[in-house]
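Listed in order, the protein sequences are those of chains A and B. With full-length UniProt numbering applied, the first sequence corresponds to residues 1 to 201, in that order. With full-length UniProt numbering applied, the second sequence corresponds to residues 1 to 201, in that order.
Take these hints with a grain of salt, some might be off.
Here's a subset of chain B near chain A, in silico, CB distances under 8 Å, partners left out [said to hold, decoys possible]:
no.: 1; residue: Pro21
no.: 2; residue: Leu43
no.: 3; residue: Thr68
no.: 4; residue: Thr73
no.: 5; residue: Ser92
no.: 6; residue: Leu117
no.: 7; residue: Gly121
no.: 8; residue: Val150
no.: 9; residue: Leu166
no.: 10; residue: Val168
Simulated restraints on C-beta separations [as the list claims (entries may be wrong)]:
no.: 11; chain 1: A; residue 1: Leu191; chain 2: B; residue 2: Ala174; range: 53 to 59 Å
no.: 12; chain 1: A; residue 1: Asp187; chain 2: B; residue 2: Lys58; range: 50 to 56 Å
no.: 13; chain 1: A; residue 1: Met103; chain 2: B; residue 2: Asn147; range: 49 to 55 Å
no.: 14; chain 1: B; residue 1: Asn147; chain 2: A; residue 2: Gly24; range: 21 to 27 Å
no.: 15; chain 1: B; residue 1: His175; chain 2: A; residue 2: Pro8; range: 18 to 24 Å
no.: 16; chain 1: B; residue 1: Lys58; chain 2: A; residue 2: Pro25; range: 21 to 27 Å
no.: 17; chain 1: B; residue 1: Gln153; chain 2: A; residue 2: Met103; range: 53 to 59 Å
If you are wondering where the hints come from, they were derived from the structure by calculation, not from laboratory data. Bear in mind the structure is a predicted one, so any value in this text is a computation, not a measurement. Don't be surprised by glycine CBs; every beta carbon is placed ideally from N, CA and C.
There are 2 protein chains.
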Amino acid sequence: MAKRVTGPEIEKLIQLLAKVPGLGPRSARRAALHLIKKKDQLLGPLSHAMGDAYDKVKICSRCGNVDTVDPCTVCTDERRDQSVIIVVEDVSDLWALERSGAMNATYHVLGGVLSPLDGVGPDDLNIRGLIARVSEGGVREVIIAVNATVEGQTTAHYITDQLDGLEVKITRLAHGVPVGGELDYLDEGTLAAALRARTTI
Amino acid sequence: MAKRVTGPEIEKLIQLLAKVPGLGPRSARRAALHLIKKKDQLLGPLSHAMGDAYDKVKICSRCGNVDTVDPCTVCTDERRDQSVIIVVEDVSDLWALERSGAMNATYHVLGGVLSPLDGVGPDDLNIRGLIARVSEGGVREVIIAVNATVEGQTTAHYITDQLDGLEVKITRLAHGVPVGGELDYLDEGTLAAALRARTTI
Chain A
1 MAKRVTGPEI EKLIQLLAKV PGLGPRSARR AALHLIKKKD QLLGPLSHAM
51 GDAYDKVKIC SRCGNVDTVD PCTVCTDERR DQSVIIVVED VSDLWALERS
101 GAMNATYHVL GGVLSPLDGV GPDDLNIRGL IARVSEGGVR EVIIAVNATV
151 EGQTTAHYIT DQLDGLEVKI TRLAHGVPVG GELDYLDEGT LAAALRARTT
201 I
Chain B
1 MAKRVTGPEI EKLIQLLAKV PGLGPRSARR AALHLIKKKD QLLGPLSHAM
51 GDAYDKVKIC SRCGNVDTVD PCTVCTDERR DQSVIIVVED VSDLWALERS
101 GAMNATYHVL GGVLSPLDGV GPDDLNIRGL IARVSEGGVR EVIIAVNATV
151 EGQTTAHYIT DQLDGLEVKI TRLAHGVPVG GELDYLDEGT LAAALRARTT
201 I
């Protein structure tokens, strides 16, 4: 804006909102106006929720999950099978897998993948913590659920090597056709993998 | 999420973020994780900015703009031509027109448009305030810049009627081809209007 049309506090709010992923400069303005219109229903509560999260957020020292307690809700959940660890790149992957409701296991968040080009080596990831958890014993299976990218697969191989010698079953996610997906839109690699891993009906 | 995977404070933050326009349940989770990762650069400052906005935001009693002072920054700007009032539906329209930098005028925010179906009558809009401002004198031109919808045009007619008898020039935004727009994608009404209002080169 060339000339000021509103107070500096509101400009500041718009500037910060524009840094939230999913919002840009334009939608940040729209969001700010909406928040201001819903002052008591949204702006106030959101401000408090952010302050609360800021004060209380912790990274689980065991698995790397984001929570307000350490160890986190997942690590201390006794109804979960603590002998299975699902290894993910990021907390968002943990939450996504958990939404599937398919497993009742625990997790281990690496915090990224190996990427020599970006200068990310094994020590930058939470791999040592994983080895330690498995070495302690009581772990039956490690499911490596990293993204199906080149870096993800490199990381999977590295972790498999590191776990070599420890008595644990190492598995990875199946490749195949996404449920509800149309074959025509899928890449050749996925189709080839789905054919190779075909199952009898 | 079927089972809890994180603290209630973080769940609450995600729930509230999902109500921000531009964010949905999925992007709210992504936004929350990003905010938490950028705790000191983004989450803290944003929480403060929201609290600040909550405490200080005011609606300008003169024009209806959102600001932290009343009368607002626009109404008290002496470098602006106070004899021209641009009438808009919403604060977002005020900000949008201001970004164009085309006028150095003041504004009047109606807070909506007449819509009998939604039960919005003249008394629900800030029309009386506009009449009062014009009646006070010193206003040379009222530019009616409501949206080019049926309700917008109805509102424009109503305001024109109400201002009848007061010594003020009433204008509206030009219809035509958007700058950079392709004719093929435009509706017939816009093309017809652009042809009728053609100008010599």
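So, going through the hints one by one against the coordinates:
{"no.": "1", "hint": "Pro21", "in the structure": "holds (5 Å)"}
{"no.": "2", "hint": "Leu43", "in the structure": "holds (5 Å)"}
{"no.": "3", "hint": "Thr68", "in the structure": "holds (3 Å)"}
{"no.": "4", "hint": "Thr73", "in the structure": "holds (5 Å)"}
{"no.": "5", "hint": "Ser92", "in the structure": "holds (6 Å)"}
{"no.": "6", "hint": "Leu117", "in the structure": "violated (21 Å)"}
{"no.": "7", "hint": "Gly121", "in the structure": "violated (20 Å)"}
{"no.": "8", "hint": "Val150", "in the structure": "violated (23 Å)"}
{"no.": "9", "hint": "Leu166", "in the structure": "violated (26 Å)"}
{"no.": "10", "hint": "Val168", "in the structure": "violated (23 Å)"}
{"no.": "11", "hint": "A:Leu191 / B:Ala174: 53 to 59 Å", "in the structure": "holds (54 Å)"}
{"no.": "12", "hint": "A:Asp187 / B:Lys58: 50 to 56 Å", "in the structure": "holds (55 Å)"}
{"no.": "13", "hint": "A:Met103 / B:Asn147: 49 to 55 Å", "in the structure": "holds (51 Å)"}
{"no.": "14", "hint": "B:Asn147 / A:Gly24: 21 to 27 Å", "in the structure": "holds (22 Å)"}
{"no.": "15", "hint": "B:His175 / A:Pro8: 18 to 24 Å", "in the structure": "violated (36 Å)"}
{"no.": "16", "hint": "B:Lys58 / A:Pro25: 21 to 27 Å", "in the structure": "holds (24 Å)"}
{"no.": "17", "hint": "B:Gln153 / A:Met103: 53 to 59 Å", "in the structure": "holds (58 Å)"}
In this structure, the hints that do not hold are numbers 6, 7, 8, 9, 10 and 15, in rising order.
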